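Trainee: Each chain is listed here by its residues.
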Amino acid sequence: MSAAHGTIGGAPRADKAKGVVFKGLLLFSLLIGFVTLIVLIVDVANDGLGKLSWSFITSFPSSLPSRAGIQSPLVGTIYLMLITAVVTVPIGVGAALYLEEYADRNRWYNRLVEINIQNLAAVPSIVYGILGLAFLVRGPVGLGRALLAGGLILSLLVLPIVIIASREAIRAVPPSIREGALALGATKWQMIRRQVLPASIPGIATGSILALSRAIGETAPLILIGAIVFVPFNPSSLTDQFTALPIQIFNWTTRPQEEFKLLAAAAIIVLLGLLLTMNAFAIWLRNRYQRRW
Amino acid sequence: MGAGAQIARRLTTSRRRTGETAIKYALMGCAAVSVLTTVGIVVALAGPTIEFFQEVSIGEFFTGTDWSPLFTPSSFGVLPLIVGTLTTTFWACVVALPFGLGAAIYLSEYARPRTRQWLKPALEVLAGIPTVVYGYFALTFFTPLLQDIGLDVTVFNALSAGLVMGIMILPTVASLSDDAMTAVPHALREGAFGLGASRMQVSTRVVVPAALSGIVASFVLGISRAVGETMIVTIAAGLRPSMSINPLEQIETMTAYIAQVGIGDVPTGSIEYKTIFAVAATLFVATFILNLISIRLVRKYREVYE
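From first to last, the protein sequence lines are chains C and F. With the first letter of the first sequence counted as 1, position 145 gets the number 145 in our numbering; the numbers rise by one all the way through. With the first letter of the second sequence counted as 1, position 54 gets the number 54 in our numbering; the numbers rise by one all the way through.
Keep in mind the hints are simulated off the structure, nothing from the lab. What you are looking at is a predicted structure, and each value in this text was computed from that prediction instead of being measured. Fair warning: there could be bad hints in the mix.
Said to hold, decoys possible - With the Cβ distance kept under 10 Å, some of the chain F side facing chain C (calculated, not the full set):
1) 40
2) 56
3) 121
4) 141
5) 204
6) 263
7) 304
8) 305
Just so it is clear, CB atoms sit at the ideal spot from N, CA and C, and this is done for glycine as well.
Work the whole structure out from these sequences, hints included.
Mentor: Written as structure tokens, this is what we have:
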């Protein structure tokens with residue numbers, strides 16, 4: 001900041017003024033994000049509230065803007081969330097338990113797993129779409145544009161988030177709890193099942209809900225596995241075609257007609273409502289049940 | 001973990017417990033899923049990418065300045081997509097890096113613990129807004145706003161997409177930089193305060209330098225996010241490959257190209273199908289290098305302070 005005086009200290013009054021300006025800049029940095037968030041919400045509400053109605057939620061997508069609704073995208077999103085939860089939570093918690101309770105950090109393969117998870121958390125989501133396209137939709141598994149393919153790709157996408165959050169929750173359980181259980185003659189798995197897991201469930205649940213809210217907001221991987229088609233029906237099995245809320249929002253946003261943009265805004269309100277509810281629930285869970293040791 | 005594992009070893013009975021061993025391997029299998037995902041990505045990308053380079057020379061791909069794979073005569077120079085990606089990434093960084101760092105300094109050095117307690121989850125909400133929503137915002141609100149303040153931007157432009165992407169990445173940079181700065185021991189701050197330094201001096205000359213590797217790690221991860229971000233640029237930056245770095249014009253990024261082709265139904269094995277794998281492989285390698293640098297740097301500050 002001030003190259004003028006090299007040592008710490010200096011003219012007190014000038015420093016005080018500079019300190020105030022500096023703090024102002026920091027506050028501005030922090031507020032710019034929140035202000036944008038508020039402007040975004042107001043803008044979307046402005047555009048979309050007029051279109052939002054019960055019939056909008058219960059109607060199927062249509063080429064006529066006045067009749068179009070989001071029933072099949074909303075149902076698709078809920079199914080995707082369920083598949084992702086069923087697949088990713090057990091695997092994620094299992095991996096976290098292995099890394100925290102069993103893995104010997106000095107082994108190269110365990111270190112590889114750790115770096116691998118950190119990297120996977122930052123791989124662009126569209127690359128996961130490529131993985132789904134090559135293996136699940138076409139290639140060896142050949143599910144086609146099925147609901148299951150979408151759910152599995154989202155599961156892999158958020159798996160690193162679940163693992164990282166679960167590890168933190170497991171690590172927060174103090175070693176004395178483990179030692180106590182072992183001293184009483186519990187086997188390692190008994191100790192984990194009856195002491196470590198129950199104590200870390202609030203943290204795991206919070207992390208999992210946040211991961212699921214990330215999953216249902218994803219668009220890019222679903223585009224690649226071909227979910228961007230007209231689907232005016234709810235999927236009735238795992239191998240059915242599907243659509244999802246973000247896909248429908250993208251579809252409507254990219255249409256030139258103004259009318260469809262308003263529909264996109266209305267769908268965004270529903271999606272954001274769903275996400276904010278999930279986030280609020282996750283934060284409430286964390287504050288309500290998290291134990292401080 | 002460490003201590004627990006040692007105690008467990010000392011206390012194990014001489015009798016082998018097969019159930020316990022089976023559980024260990026089952027959990028190990030869960031961890032292996034993440035490794036298999038990476039292997040799967042590499043394998044998925046490698047096959048069609050190799051086939052692509054049998055038809056198009058590596059030289060043409062990386063030095064060609066014309067990307068028109070869907071036209072005849074076709075041309076496969078990826079540079080316009082890379083230039084487009086760098087342009088939007090640059091404008092995202094203009095927002096995300098300085099303001100992300102500023103927000104982090106405020107959180108770690110200025111905010112009271114109670115304020116911090118609700119500011120951090122609020123930042124998480126900002127980070128949790130789906131990118132398709134940011135894309136809508138960039139296209140229908142931010143671009144018209146730029147036009148209103150007199151900038152000569154087209155309907156699709158790199159500037160609006162880049163700046164909005166910067167807002168999207170800001171929480172990531174802020175949160176990771178904040179982690180790095182809160183890991184700096186209090187003794188360092190107290191020493192500086194004791195010498196008469198002001199809060200600003202402590203922040204800029206003690207805490208930021210001490211946390212520098214973590215801050216740089218957050219910057220690198222932010223850049224990686226910007227390079228790989230798809231929906232905002234697909235919706236708001238356009239789908240016309242261009243060598244121009246003028247942010248007021250329409251461009252196309254690598255991710256937007258992949259999405260554009262993904263929207264259509266491309267026959268497996270066609271050259272168009274292979275192009276998205278070649279572009280995605282380029283994207284994957286670029287973000288992989290950035291992620292590794294970031295992971296390295298985080299580890300560095302953890303080793304020093306934790």
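Trainee: Now tell me, hint by hint, if it's right for this structure.
Mentor: Evaluated hints:
1. Because the beta carbon of residue 40(F) sits about 6 Å from the nearest beta carbon in chain C, less than 10 Å, this interface hint is met.
2. Taken as an interface hint, residue 56(F) does not check out: its beta carbon lies about 18 Å from the nearest beta carbon of chain C, beyond 10 Å.
3. At about 5 Å, the closest approach between the beta carbon of residue 121(F) and any beta carbon in chain C falls short of 10 Å, and the interface hint on this residue holds.
4. Contact between residue 141(F) and chain C, as hinted, is supported at the beta carbon level, the nearest pair being about 5 Å apart and thus within 10 Å.
5. Because the closest C-beta pair between residue 204(F) and chain C is about 5 Å apart, less than 10 Å, the hint holds.
6. Interface hint at residue 263(F): satisfied, since its Cβ lies 5 Å from the closest Cβ of chain C, which is below the 10 Å cut-off.
7. For residue 304(F), the suggested interface contact is broken, since its CB lies about 18 Å from the closest CB of chain C, more than 10 Å.
8. At about 17 Å, the closest approach between the beta carbon of residue 305(F) and any beta carbon in chain C exceeds 10 Å, and the interface hint on this residue is violated.
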